[in-house]
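> Sequence:
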Amino acid sequence: MSDLPTMLRARLGLADPVPVEFQRGDVHEAEGYDRQRIEYRGLEGDRIPAFLFTPRGRDTRGGVVVFHQHNGEFHFGKSEVAGEVGDAFQAFGPALARRGVAVLAPDAITFEDRRGAVQGVEPDYYDWLQHYNAMSYRLLDGDVLMRKCLDDAQRALSVLLQATGIDGRRVGVAGHSYGGYTALYHAAVDARCRFACISGAVCSFGTRRREGTGITLFEAVPGLAREIDTHDVLAAIGPRPTMVVSGTQDKYSRDADQVVAKVTGDFITELRVDRGHALDQERFDAIVAWIGERMSDR
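So that you can map any letter, position 95 of the sequence shown is 286 in the working numbering, and since no number is skipped, the others follow by simple counting.
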């Protein structure tokens, strides 16, 4: 598809990126990096909390917005990227900041401190319902959750650029699973993303439908599969450098190699392992190293 960004923006009613006012909070000092709480407002006036990781004792060479995973754990968001809770192989904030990369890790809508009933990192029985309602209430209004999530993603990138003053040529997005879907679509529609790392989230609609794999509520856009497929979204990122990480036993990236093969050009770095969905040391290290390489002079 020749102009997917324009088509998808129009299809969703997604506004162009805008400057975003933000507030800085407390700073936590750690070995090799500082972590600061940042807050800003979304399109609907909702509060969006995030952690900003910046290197200590070395120059900041660039930056990345890291979108957290889903994993059915709505009580985990930015704190999992911080390595405070959850899976140690989701702790990209500290690992990248120690390599000279600034990282902004926002809470996605209905996760961690963006839940309506409770905040923090303790689960609540109705967490799932809030996530479901975030989609269904918008559908009732003729809107979709993807528009909200991508608008949030654009704001996160704006905040990262404004808060750090980093070179706009060295800024991108990354995520695993739910975060990977966000990074995939965000990079496709926002040319400010100079690179994208997408893990556990590249799979064709046909394969997911055939195998009965759940579709994220984020992608529940009526008629979307009639207009585009995953390889179209991936192709729209090119020629900007893109890393696709997948597992042969991962239902969420079952045919990632076939999807990549449909994309022309040589902008994609592919890492495919004979394992499942959850990240491991090999994939975590490879992602951190690849993002670090994007910070070099070009």
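Check before you lean on any hint, since a few could be wrong.
[As the list claims (entries may be wrong)] Computed Cβ-Cβ distance ranges for the label pairs, DEER-style:
(1) Gly403 / Gln449: 25 to 35 Å
(2) Ala416 / Arg463: 22 to 32 Å
(3) Leu320 / Gln214: 45 to 55 Å
(4) Thr460 / Tyr317: 20 to 30 Å
(5) Asp358 / Asp207: 20 to 30 Å
(6) Asp476 / Asp194: 15 to 25 Å
(7) Arg360 / Lys442: 13 to 23 Å
FYI, nobody ran anything at the bench for these hints, they're computed from the structure.
Computed from a prediction, not measured in an experiment: that's the story for all the values here.
All C-beta atoms in this analysis are idealised placements derived from N, C-alpha and C, irrespective of residue type, glycine included.
> List, from low to high, the hint numbers that the structure doesn't satisfy.
When the structure is compared with the hints, numbers 1, 3, 4, 6, 7 turn out to be violated.
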